[in-house]
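Undergrad: Below are the chains, spelled out letter by letter.
Protein chains: 2
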Amino acid sequence: MNIDKYPSKLLENAVNEFSKLPGIGRKSALRLVLHLLKQDVEAVNYFGNSLIQLRNEIKHCRICHNITDFEICPICNNHLRNRSVICVVENIRDVMSIENTQQFNGLYHVLGGIISPMDGIGPADLEIESLVKRVEKGEIIEIILALSTTMEGDTTNFYIYRKLKDKEVRLTTLARGVSVGDELEYTDEITLGRSLANRVPYETSMGK
Amino acid sequence: MNIDKYPSKLLENAVNEFSKLPGIGRKSALRLVLHLLKQDVEAVNYFGNSLIQLRNEIKHCRICHNITDFEICPICNNHLRNRSVICVVENIRDVMSIENTQQFNGLYHVLGGIISPMDGIGPADLEIESLVKRVEKGEIIEIILALSTTMEGDTTNFYIYRKLKDKEVRLTTLARGVSVGDELEYTDEITLGRSLANRVPYETSMGK
Numbered sequence: 004m005n006i007d008k009y010p011s012k013l014l015e016n017a018v019n020e021f022s023k024l025p026g027i028g029r030k031s032a033l034r035l036v037l038h039l040l041k042q043d044v045e046a047v048n049y050f051g052n053s054l055i056q057l058r059n060e061i062k063h064c065r066i067c068h069n070i071t072d073f074e075i076c077p078i079c080n081n082h083l084r085n086r087s088v089i090c091v092v093e094n095i096r097d098v099m100s101i102e103n104t105q106q107f108n109g110l111y112h113v114l115g116g117i118i119s120p121m122d123g124i125g126p127a128d129l130e131i132e133s134l135v136k137r138v139e140k141g142e143i144i145e146i147i148l149a150l151s152t153t154m155e156g157d158t159t160n161f162y163i164y165r166k167l168k169d170k171e172v173r174l175t176t177l178a179r180g181v182s183v184g185d186e187l188e189y190t191d192e193i194t195l196g197r198s199l200a201n202r203v204p205y206e207t208s209m210g211k
Numbered sequence: 004m005n006i007d008k009y010p011s012k013l014l015e016n017a018v019n020e021f022s023k024l025p026g027i028g029r030k031s032a033l034r035l036v037l038h039l040l041k042q043d044v045e046a047v048n049y050f051g052n053s054l055i056q057l058r059n060e061i062k063h064c065r066i067c068h069n070i071t072d073f074e075i076c077p078i079c080n081n082h083l084r085n086r087s088v089i090c091v092v093e094n095i096r097d098v099m100s101i102e103n104t105q106q107f108n109g110l111y112h113v114l115g116g117i118i119s120p121m122d123g124i125g126p127a128d129l130e131i132e133s134l135v136k137r138v139e140k141g142e143i144i145e146i147i148l149a150l151s152t153t154m155e156g157d158t159t160n161f162y163i164y165r166k167l168k169d170k171e172v173r174l175t176t177l178a179r180g181v182s183v184g185d186e187l188e189y190t191d192e193i194t195l196g197r198s199l200a201n202r203v204p205y206e207t208s209m210g211k
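Line by line, the protein sequences are chains R and B.
So the first sequence is numbered by our numbering: it starts at 4 and just counts up by one.
So the second sequence is numbered by our numbering: it starts at 4 and just counts up by one.
Chain R with its partners taken away, still in its complex shape (with noise of 0.2 Å):
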């Protein structure tokens, strides 16, 4: 179907905006800015505003850069929380995944990125600077680099790595390795290759 004819240039305009959207193309566009005119107007209103007002008020942690309604986090503001401990990872989504495996009771700090030559993102765009400054202050123990395990996560790694590897700070990342319900057999080779190499204490994989 060509979808360039629309009969209204109001409904043009929202399906050419919705298709910006990473993953729409013009015909889910359509199809959701069809379902929007279906609703309510107080809905819609709603629905836009809740966008407009995110954009122009959200605001980003001073300590740590996650998006937060305040200056300072609830989780940097949290004194229960180690405060030695700082786990470096990309973005917001990050942090959450890893707040929902209740296993972590430290800082985080968010790059806001990787670093990818491909799409133009140096350090300089990231919040790496401040990252240094954080450990400069002297109470962090650890950095817990909690990057993906791709090229530019390993870029990235070593970039962080050669700007603290002269601080007085633990570095480390997470353990690669054969995913918990995964059979060996469908586990990839540098994995269990790493998993192999990296092999822990029978105890210690019992969680003690």
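If you are wondering where the hints come from, they were derived from the structure by calculation, not from laboratory data.
Note that the structure is a prediction, hence the values are computed from the model and not measured.
Incorrect hints may have been included.
Copies of the same chain are indistinguishable here, so a pair counts whether it falls within one copy or spans any two.
To be verified - Derived pair list, reagent style DSSO-like, types lysine-lysine, alpha-carbon separation capped at 30 Å:
1) Lys-41 x Lys-136
2) Lys-23 x Lys-62
3) Lys-41 x Lys-12
4) Lys-41 x Lys-30
5) Lys-30 x Lys-62
6) Lys-12 x Lys-23
7) Lys-8 x Lys-136
8) Lys-62 x Lys-41
9) Lys-41 x Lys-23
10) Lys-8 x Lys-23
11) Lys-41 x Lys-166
12) Lys-166 x Lys-136
13) Lys-168 x Lys-136
14) Lys-62 x Lys-140
15) Lys-168 x Lys-30
16) Lys-8 x Lys-166
17) Lys-136 x Lys-62
18) Lys-62 x Lys-12
19) Lys-62 x Lys-166
20) Lys-62 x Lys-8
21) Lys-140 x Lys-30
22) Lys-136 x Lys-170
23) Lys-30 x Lys-136
Keeping the supplied structure of chain R fixed, place chain B upon it in accordance with the hints.
TA: Chain B only, in chain R's frame:
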């Protein structure tokens, strides 16, 4: 990932709104919202306002009920079109599909849905009375029923047929048959059966 803990109320709000859209779950909604957060303030304002404006200002054509920016849509207003044939469709996407074939030069009538007791949609919720009124004006020679071949579509067809069978108007329906380019062995039996029963002279099939 349990995604009920958002670091910001504004974020949660926007994610809630996006996930009300059909086919968008909470994870996709979060992805879309984070994408919007990376865009310029102006771009997001424009997006939000385009939706609000659409819902508040869009009109439905007084004659065919298609979506339009005017009182009467450009198709109904086009005096070069054949004003004695009306194609009855479910929604505006069907109008766009048929327009894109460039094979139809008549007018449309958008029902705004089909009769579906399961969804609580009865004949009174659809633009059927206004269709009967258009026919009663006496200028219409043919009504093409172009609804989907589902039970709901058949029910709606039959309802319209009962309303119009005593009027001076020819009722036709779209030809059902093997799709152009499809192989016979992959065509379902009902479609193949109908395309046999409704076979056409070879010359017709050549588009003459």
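Undergrad: Work down the list of hints and note, for each, if the structure agrees.
TA: Status of each hint after checking the structure:
1. Taking CA atoms no more than 30 Å apart as the test, Lys-41 paired with Lys-136 passes between copies only; the shortest distance there is 25 Å, against 52 Å inside one copy.
2. In this homomeric assembly, Lys-23 and Lys-62 come within 30 Å of each other (Cα to Cα) both inside a single copy, at 24 Å, and across copies, at 25 Å.
3. Taking identical chains as interchangeable, the C-alpha atoms of Lys-41 and Lys-12 lie at most 30 Å apart whether they share a chain (18 Å) or sit on different chains (27 Å).
4. Taking CA atoms no more than 30 Å apart as the test, Lys-41 paired with Lys-30 passes in both settings, with 17 Å inside one copy and 24 Å between copies.
5. For a Cα distance limit of 30 Å, the shortest separation of Lys-30 from Lys-62 across copies, 21 Å, qualifies, whereas the shortest one inside one copy, 34 Å, does not.
6. In this assembly of identical chains, Lys-12 and Lys-23 lie within 30 Å of each other by CA distance both inside one copy and across copies; the values are 17 Å within and 25 Å between.
7. For the homomeric pair Lys-8 and Lys-136, the shortest alpha-carbon distance between copies (29 Å) is at most 30 Å, but the shortest distance inside one copy (55 Å) is not.
8. With identical chains, the CA atoms of Lys-62 and Lys-41 are at most 30 Å apart between copies only, with a shortest distance of 12 Å across copies and 33 Å within one.
9. Taking identical chains as interchangeable, the C-alpha atoms of Lys-41 and Lys-23 lie at most 30 Å apart whether they share a chain (22 Å) or sit on different chains (13 Å).
10. For the identical chains of this complex, Lys-8 and Lys-23 are neighbours both inside a copy (18 Å) and across copies (27 Å), given an alpha-carbon limit of 30 Å.
11. In this assembly of identical chains, Lys-41 and Lys-166 lie within 30 Å of each other by CA distance solely across copies; the values are 27 Å between and 55 Å within a copy.
12. Taking CA atoms no more than 30 Å apart as the test, Lys-166 paired with Lys-136 passes inside one copy only; the shortest distance there is 11 Å, against 78 Å between copies.
13. For the homomeric pair Lys-168 and Lys-136, the shortest alpha-carbon distance inside one copy (14 Å) is at most 30 Å, but the shortest distance between copies (82 Å) is not.
14. When the C-alpha separation of Lys-62 and Lys-140 is checked against a cutoff of 30 Å, the pair qualifies only within one copy, where the shortest distance is 24 Å, while the shortest distance between copies is 61 Å.
15. In this assembly of identical chains, the alpha carbons of Lys-168 and Lys-30 never lie at most 30 Å apart, being 51 Å within a copy and 36 Å across copies at closest.
16. In this assembly of identical chains, the alpha carbons of Lys-8 and Lys-166 never lie at most 30 Å apart, being 54 Å within a copy and 33 Å across copies at closest.
17. In this assembly of identical chains, Lys-136 and Lys-62 lie within 30 Å of each other by CA distance solely inside one copy; the values are 20 Å within and 57 Å between copies.
18. Taking the shortest Cα distances, Lys-62 and Lys-12 sit within 30 Å of each other only across copies (11 Å), while inside one copy they are farther apart (34 Å).
19. For the identical chains of this complex, Lys-62 and Lys-166 are intra-copy neighbours only, at 27 Å inside a copy versus 60 Å across copies, given an alpha-carbon limit of 30 Å.
20. In this assembly of identical chains, the alpha carbons of Lys-62 and Lys-8 lie at most 30 Å apart only when taken from different copies (17 Å versus 40 Å within one copy).
21. For a Cα distance limit of 30 Å, the shortest separation of Lys-140 from Lys-30 qualifies neither inside one copy, at 53 Å, nor across copies, at 36 Å.
22. For the homomeric pair Lys-136 and Lys-170, the shortest alpha-carbon distance inside one copy (11 Å) is at most 30 Å, but the shortest distance between copies (83 Å) is not.
23. In this assembly of identical chains, the alpha carbons of Lys-30 and Lys-136 never lie at most 30 Å apart, being 48 Å within a copy and 33 Å across copies at closest.
Checked against the numbered hints above, the structure violates hints 15, 16, 21, 23; every other hint is satisfied.
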